[in-house]
Amino acid sequence: MKKFVLVGALTLLVTPYLASAGEDHDKDDKKGHRHVNATEFVGAGLAAAAMIGVAGYIVLRRRGIRQD
Amino acid sequence: MRVSALFSAILGNLRVPPFPFWILLLALAAVVADQFAAPVLFSTAPLFAVLACLLLVVRHGYRPELQSANPSRLAGARVFLFLALHAVLVALVWILGDPALRASGSLTGAGWAFLFVKLCTLAPALLLLPWRDWRTLASLYTTELTAAGIVLVTFFPRRIVESLWPWYGQFLGRLVQLFSWPFVSGLGYVKALYPTLTGPSLDVTILLSCSGVNGIELFDALFALVVLCDWPRLNKRRTLIAYGIGVAAMIFGNVVRITSLVVLGNHGFADFVSRFHINAGWLFFAAIFLIFLSLTYRWMLIRIRLAPPSAA
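Heads up: the protein sequence lines correspond to chains E and A, in order.
Under my numbering, the first residue of the first sequence is numbered 1, with each subsequent residue one higher.
Under my numbering, the first residue of the second sequence is numbered 1001, with each subsequent residue one higher.
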């Protein structure tokens, strides 16, 4: 349980970076369209995805071992 | 002191099979040294292939059959030849100079030929042992070598995706348009190297970075972790099938991801989509991986059948 809390806390640590990312994205244009051209803090997304993946694997592994 | 004895002394009680271990470690060190000496040789494929093989051999552990196979000692002459061949390879790349630099990473014929040169950094390792010992190694560690081969050719698919992009980009764009069409009226398609889906309030250009290769690389890394941690108790055939299914799921998941961007972006979430689509994409890929793993994990494991309790 402590490890899950730790993973959750680490994910929360990353969240401010996610929220502040992409301030200078493109705000188009004459027709009122937007155009996707984000310059987000990509590393934070990657790190969060990796942590989620690893945490999910740990959960599945533990559950598998218990069931065995 | 023999090199193998030295490694055995260092590794102590880890129960690591010394015979293939030091060969693989030497090969890995030489590939790393090549890439430091001639940075134009940099390629993750041979590095991670050897590293994967090394780690999986360590996870497999000692095979008693190795004792009876009686492998040869690591001969000094063979190590010298191995090092000399690496030095020749690096010297050749230095002599090539600018043409090598231009070819490296390009998608031309010369680029593909230079990729072959990068993979050739693995070839001198064949000199470290007699052919008989390589056959022994291959028969005892078949699955580990196969896994390394898969890592070598599929694990870092960026170059393959880049070379296929002129066709794959159009296929991806058309597929996203097909999936988005029921939800977004007036959706247009601008055919270009990087196709654009034009909607009433958001235009989405599908760049090379939207190809899904990031998702596949994330999947590769996480799947490698699973394989490494559970290697002894994995059913190897099922694991290979699951790997193929997982990569396919990531490719399809990427289509769903871009479709959701087009649909949400044209239904009042244009600002959110343009601001967060990259990080949201990473989280989406992580979610696909978790769904995939929850469906396949137990299936991949070897089932241990417990013997029925004997009657008293």
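Treat each hint with caution, since some may be false.
Short, incomplete list of chain E residues facing chain A, as computed with Cβ under 8 Å [claimed, not checked]:
#1 ALA44
#2 GLY45
#3 LEU46
#4 ALA48
#5 ALA49
#6 ILE52
#7 GLY53
#8 VAL54
#9 GLY56
#10 TYR57
#11 LEU60
#12 GLY64
No wet-lab data here; the hints were simulated from the structure.
All of these numbers come straight from a predicted model, not from anything done at the bench.
Glycine is no exception: its CB is placed at the ideal position from the N, C-alpha and C atoms.
Evaluated hints:
no. : hint  : result
1   : ALA44 : holds (7 Å)
2   : GLY45 : holds (3 Å)
3   : LEU46 : holds (6 Å)
4   : ALA48 : holds (6 Å)
5   : ALA49 : holds (4 Å)
6   : ILE52 : holds (4 Å)
7   : GLY53 : holds (4 Å)
8   : VAL54 : holds (7 Å)
9   : GLY56 : holds (4 Å)
10  : TYR57 : holds (6 Å)
11  : LEU60 : holds (5 Å)
12  : GLY64 : holds (6 Å)
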